[in-house]
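Chemist: Listed here are the chains, written in short residue letters.
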Amino acid sequence: MKRNLLFPGLSLILIMTAAFSMTLGKYPLALSDITGFFLFKVFGVGSIDPEQCRLLGSLLFDIRMPRIIAAILIGASLAVAGTSFQAMFVNPLVSPSLLGVLAGASFGAALGMVFSKSWVAVQFLTFLFGFIAVLVSVGIAKIHKGNTILLLVLGGVISGALFTSLLSIIKYVADPFNQLPAIVQWLMGGLSLVDRKILLAAGIPQVVSIILTALFSGYLNALSMGDEEARALGIPVERIRMLLIFLATLMSALTVVLAGMIGWVGLIIPHITRMLVGPNNKVLVPASALIGAIYLIVVDDVSRMLFNVEIPIGITTSLIGIPFFAVILKKARRGWS
Amino acid sequence: MELKSHIVVKNVSFGYTKKAVLKDVTLHIGAGEIVTLLGPNGCGKSTLIKIVIGLLRPTQGKIFLNGADIADLSSKFMAREIAYVPQIHRSSFPYSVVDIVLMGRIPHKMFFYRYSDEDITIAHNALERLSISHLSERPYTELSGGERQLTIIARALAQGARTLIMDEPASGLDYGNQLRLLEEIINLSREGYTFIKSTHSPEHALWVADRAIMIKNGAIFADGRCDDIVNSENLFHLYNAKVDVMRVNGSLWVCAPQAICGGMEV
Numbered sequence: 344m345k346r347n348l349l350f351p352g353l354s355l356i357l358i359m360t361a362a363f364s365m366t367l368g369k370y371p372l373a374l375s376d377i378t379g380f381f382l383f384k385v386f387g388v389g390s391i392d393p394e395q396c397r398l399l400g401s402l403l404f405d406i407r408m409p410r411i412i413a414a415i416l417i418g419a420s421l422a423v424a425g426t427s428f429q430a431m432f433v434n435p436l437v438s439p440s441l442l443g444v445l446a447g448a449s450f451g452a453a454l455g456m457v458f459s460k461s462w463v464a465v466q467f468l469t470f471l472f473g474f475i476a477v478l479v480s481v482g483i484a485k486i487h488k489g490n491t492i493l494l495l496v497l498g499g500v501i502s503g504a505l506f507t508s509l510l511s512i513i514k515y516v517a518d519p520f521n522q523l524p525a526i527v528q529w530l531m532g533g534l535s536l537v538d539r540k541i542l543l544a545a546g547i548p549q550v551v552s553i554i555l556t557a558l559f560s561g562y563l564n565a566l567s568m569g570d571e572e573a574r575a576l577g578i579p580v581e582r583i584r585m586l587l588i589f590l591a592t593l594m595s596a597l598t599v600v601l602a603g604m605i606g607w608v609g610l611i612i613p614h615i616t617r618m619l620v621g622p623n624n625k626v627l628v629p630a631s632a633l634i635g636a637i638y639l640i641v642v643d644d645v646s647r648m649l650f651n652v653e654i655p656i657g658i659t660t661s662l663i664g665i666p667f668f669a670v671i672l673k674k675a676r677r678g679w680s
Numbered sequence: 013m014e015l016k017s018h019i020v021v022k023n024v025s026f027g028y029t030k031k032a033v034l035k036d037v038t039l040h041i042g043a044g045e046i047v048t049l050l051g052p053n054g055c056g057k058s059t060l061i062k063i064v065i066g067l068l069r070p071t072q073g074k075i076f077l078n079g080a081d082i083a084d085l086s087s088k089f090m091a092r093e094i095a096y097v098p099q100i101h102r103s104s105f106p107y108s109v110v111d112i113v114l115m116g117r118i119p120h121k122m123f124f125y126r127y128s129d130e131d132i133t134i135a136h137n138a139l140e141r142l143s144i145s146h147l148s149e150r151p152y153t154e155l156s157g158g159e160r161q162l163t164i165i166a167r168a169l170a171q172g173a174r175t176l177i178m179d180e181p182a183s184g185l186d187y188g189n190q191l192r193l194l195e196e197i198i199n200l201s202r203e204g205y206t207f208i209k210s211t212h213s214p215e216h217a218l219w220v221a222d223r224a225i226m227i228k229n230g231a232i233f234a235d236g237r238c239d240d241i242v243n244s245e246n247l248f249h250l251y252n253a254k255v256d257v258m259r260v261n262g263s264l265w266v267c268a269p270q271a272i273c274g275g276m277e278v
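For the protein sequence lines, the chains are A and B, in the order given.
Position 159 of the first sequence, counted from 1, bears residue number 502 in the working numbering, the numbering being contiguous throughout.
Position 166 of the second sequence, counted from 1, bears residue number 178 in the working numbering, the numbering being contiguous throughout.
Hints listed in this document are in silico derivations from the structure and should not be mistaken for laboratory results.
All values derive from a computational prediction rather than experimental measurement.
Ideal placement from N, C-alpha and C gives every residue a C-beta, glycine not left out.
Fair warning: there could be bad hints in the mix.
Straight-line Cα separation of at most 20 Å, DMTMM-like style, residue types lysine to aspartate or glutamate; simulated pairs [said to hold, decoys possible]: (1) B:K121 <-> A:D570; (2) A:K369 <-> A:D538; (3) A:K488 <-> A:E571; (4) A:K625 <-> B:E130; (5) B:K62 <-> B:E45; (6) B:K31 <-> B:E45; (7) B:K22 <-> B:D84; (8) B:K88 <-> A:D538; (9) B:K22 <-> B:D36; (10) A:K488 <-> A:D570; (11) A:K369 <-> A:D405; (12) B:K88 <-> A:D570; (13) B:K74 <-> B:D36; (14) B:K62 <-> A:E581; (15) B:K62 <-> A:D570; (16) A:K625 <-> B:D129; (17) B:K121 <-> A:E581; (18) A:K485 <-> A:D570; (19) A:K369 <-> A:E653; (20) A:K460 <-> A:D376; (21) A:K625 <-> B:D131; (22) A:K625 <-> B:D84; (23) B:K88 <-> A:E581; (24) B:K88 <-> B:E45; (25) A:K485 <-> A:E581; (26) B:K228 <-> B:D240; (27) B:K62 <-> A:E571; (28) B:K254 <-> B:D240.
Here are the computed distance ranges between Cβ atoms for each label pair [what the hints assert, rightly or not]: (29) B:M122 <-> A:T366: 44 to 50 Å; (30) B:K121 <-> A:V516: 51 to 57 Å; (31) A:M585 <-> B:L191: 41 to 47 Å; (32) B:Y125 <-> A:F520: 56 to 62 Å; (33) B:G172 <-> A:L558: 21 to 27 Å.
Between the sequences and the hints, there should be enough to build the whole structure, so can you do that?
Modeler: Below you can see the structure in the form of structure tokens.
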């Protein structure tokens with residue numbers, strides 16, 4: 344793909360995918376219905392029956408648009424966090440969950456569902472424990488002097504295991520008739536609970552983090568050459584890495600707040616994007632944001648349209664991601680040496 | 013002496029008293045010198061290299077770069093003066109050669125940098141200087157060891173650094189590429205570049221024929237012209253190996269291990 348056509352091209356595909364997805368659902372719409380509605384709403388052009396207008400308004404603004412925007416935010420966030428982690432940890436096989444953020448966030452969500460009635464509290468605990476899990480990983484690395492790559496990864500393994508077992512405790516004590524099914528469902532991921540308020544609260548920090556990561560993406564190239572080389576190039580490696588970990592944690596924890604656990608996106612999207620645009624992170628980071636967004640919209644469409652009942656999106660992304668991963672494994676086998 | 017020297021290592025120690033890696037090392041290195049560090053595994057060569065480049069802080073002592081204590085210099089400033097060429101490694105990501113060389117421009121950039129046309133010209137000039145322009149768009153991961161090492165040297169040139177510090181640059185290279193590497197080092201030193209490199213091969217010091225520093229147990233054991241100090245006696249002390257050092261064709265030096273040659277009468 345030509346470099347100067349890449350971003351306009353991907354943006355166009357994203358807009359078309361989003362527009363097309365607006366037409367899909369239990370109540371199918373034609374693209375012309377939607378454009379007609381927007382023309383009427385914004386410019387007062389044409390005429391629509393007031394009853395029809397209210398129906399379209401609630402369908403588009405309350406149900407479909409929040410869902411599509413959430414898919415865009417989640418897909419872009421996971422893809423960018425994954426790209427950033429893969430470069431930073433000098434390994435194309437790591438995913439945003441490396442430092443335990445997803446394990447921590449799921450524990451937080453489950454904790455909230457069992458001990459609190461308020462949905463806002465659940466969302467807050469999800470976010471909080473996503474961060475705590477990463478702090479535990481970084482803390483373990485720090486205790487052992489330094490945040491070298493290997494220590495951070497081992498810290499992540501420990502922290503991930505810790506919060507996974509804590510999650511098991513919560514599942515064990517949860518009420519098996521009401522709470523447990525809710526937890527299990529949440530852990531499988533789904534975009535149906537997204538509303539405009541949470542979209543705004545999560546979306547702004549996510550967009551800011553994505554932009555900042557993209558701006559720092561040149562440093563990712565140097566970081567992926569290893570710590571010593573990056574430092575010899577005059578880069579304050581520890582500080583930049585902590586900042587990028589913070590941004591990736593923020594983005595990924597918020598994806599769990601929005602839609603529960605959605606796996607594999609952060610691993611395979613950076614790979615697909617690298618195949619398309621090459622490994623230079625200055626191009627790769629923004630491109631993977633766009634491709635991640637497109638991917639998640641499509642997967643969400645599949646999840647809700649394929650059968651009469653909606654399939655949790657986490658299951659769909661895994662079912663697509665795992666075989667893909669098995670195929671690319673050979674190509675990307677190089678790891679820590 | 014201190015004022016004229018490009019790099020001064022002054023009373024540097026590293027590690028704790030019981031297990032000192034470097035003990036009170038003092039060195040003066042002039043601009044344009046090719047210094048070869050020799051010594052057995054674990055003698056402290058790599059530690060010394062990392063201290064000089066600022067990757068490790070000495071437990072005691074100081075390093076001066078053109079008269080300034082490097083502890084007071086920013087890492088960005090250091091990177092514009094001294095470039096680090098590590099042992100050949102495999103990158104996990106197939107960056108193109110020119111992308112790798114462009115990384116050398118990072119110390120000249122601000123936060124959120126973009127490469128200017130000038131940076132790109134500098135990168136291509138560096139590639140041309142080492143006659144590897146034809147590789148510029150090739151993925152780094154698919155290069156041979158020698159080509160990769162030249163790419164990293166090109167990055168050092170693009171960095172604008174006048175001093176190149178190399179940790180066993182020849183290890184992992186085949187024989188021909190080792191010689192080509194030494195040739196490039198000699199060529200660049202004629203233009204005023206300074207080299208500090210470590211090696212396991214005493215012949216590399218002899219062929220470059222400049223200065224050798226022998227390190228044993230964290231202390232300098234010999235320091236001087238290669239022809240003077242890389243001799244049979246010192247090599248025995250250093251490596252505990254019996255080696256004859258001989259001149260061939262009146263100019264080139266070779267090392268011949270006695271054990272293998274059966275103590276040949278030369």
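Chemist: If you check each hint against the structure, which ones fail?
Modeler: Failing hints, ascending: 6, 8, 20, 22, 24.
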